[in-house]
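S.K.: Each chain, letter by letter, is given below.
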Amino acid sequence: MTQREFLNIVMPFKDKVFRLAKRLLISTEEAEDATQEVLMKLWNNKEKIEEYKNVEAFSMTMTKNFCFDKLKSKQSQNLKIVHSNYEDNSTSLQKQVELNDSVSWVSRIIEGLPEQQRMVIQLRDIEEYDLDEIAHMLDMNNTAVRVTLSRARKTIREKLTNTHSYGIK
Amino acid sequence: MVLNNIEELLEKYENGETSLKEEQQLKNYFSQETVEPHLEIYKPMFAYFLVNQQEQFTKDVPLSTKKVFNYKWISVAAVVVIMLGIYLKSTIHNDLGTIQDPELAFNEVSKSLEMISKSFNKGTSTIGYLEEYDKGASTLGYLNEIENTTSIIFKKNQ
Chain A
1 MTQREFLNIV MPFKDKVFRL AKRLLISTEE AEDATQEVLM KLWNNKEKIE
51 EYKNVEAFSM TMTKNFCFDK LKSKQSQNLK IVHSNYEDNS TSLQKQVELN
101 DSVSWVSRII EGLPEQQRMV IQLRDIEEYD LDEIAHMLDM NNTAVRVTLS
151 RARKTIREKL TNTHSYGIK
Chain B
1 MVLNNIEELL EKYENGETSL KEEQQLKNYF SQETVEPHLE IYKPMFAYFL
51 VNQQEQFTKD VPLSTKKVFN YKWISVAAVV VIMLGIYLKS TIHNDLGTIQ
101 DPELAFNEVS KSLEMISKSF NKGTSTIGYL EEYDKGASTL GYLNEIENTT
151 SIIFKKNQ
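Sequences listed follow chains A and B, in order.
Reading the first sequence from the start, the letters are residues 1 to 169 in the working numbering.
Reading the second sequence from the start, the letters are residues 1 to 158 in the working numbering.
Just so you know, these hints were derived from the structure itself, not from any lab.
Keep in mind it's a predicted model, so treat the numbers as computed, not measured.
We put the CB at the ideal spot given by N, CA and C, even for glycine.
Some clues are possibly wrong.
Using C-beta positions, here's what the derived DEER-type ranges look like [said to hold, decoys possible]:
#1 Glu-29(A) - Glu-7(B): 38 to 44 Å
#2 Ala-77(B) - Glu-29(A): 45 to 51 Å
#3 Gln-3(A) - Met-83(B): 33 to 39 Å
#4 Ile-86(B) - Asn-44(A): 38 to 44 Å
Here are a few chain A residues that sit away from chain B, every Cβ distance over 10 Å (derived from the structure) [unchecked claim]:
#5 Asn-8
#6 Ile-49
#7 Glu-51
#8 Lys-53
#9 Val-55
#10 Asp-69
#11 Lys-70
#12 Leu-113
#13 Gln-116
The shape of chain A in the complex, shown without the other chains:
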């Protein structure tokens, strides 16, 4: 497999890998490193790529596992990944300052969710995957995904309502 063929396969979902990594690791740099690592691993095993039924789903699972490993090793080192560089780069959609403010609230709320819920929200509401696909990627069953998703959405809504009515968290 040549580089070009590989890139053709990988390009469509590399952003998704990156976003999932960022959702889990929070820091942009960490997420970039993780994405690089995942893509390198794919490249090194490029002979096997044709055997995989769904390279994209496989890569997402790989990303999830890689990020979990990373988080685990960080925990054992007693280092917390500090989120200090979070910024929404594309602000074209955020026209109003007020909206911008609430959007950053949403990001903070999602960061506060458990990892499982964060991943499901990311894969469903942002990447718009099928529930079955998500179940396959995360190695869960369909109902579990649905329940997790519902919980995450409810939590986000509740917290948003609180923020909205009190103006403070």
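Start from chain A and add chain B according to the hints.
M.R.: Same frame as chain A, but now just chain B:
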């Protein structure tokens, strides 16, 4: 009617029962400039989702095309070398040829033998220089004399 529909969808959405299509409907609705006041709180959520869809991975991935050295080629090269060796050897042998006329052959042989003996003699004549070495070694014998005198001196000291 539309509003009812949206509220219904939101209910389903929170239970995780909406299809992707219905969720797209919700996203479209909430990306509008104005939404119903009591649904305002959902707006940032959907806006956030839309914004985050656009984030891209910009870093380069160094895809190293490191070539794994193929050891098969070593055997190929070895075979080539061996074949070449055999070929050259056989051609050199063939080139020498043989002399048919016995008298001429005798002359040739004696000529080459003479050459060998000549150069052999040259070699042996240089060995003559070894005598010089012997001479040098014999002069070393005088060192004994020095030893004798020093021993005498030491005795006196004692």
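S.K.: In ascending order, which of the hints set out earlier in this document are inconsistent with the structure?
M.R.: none
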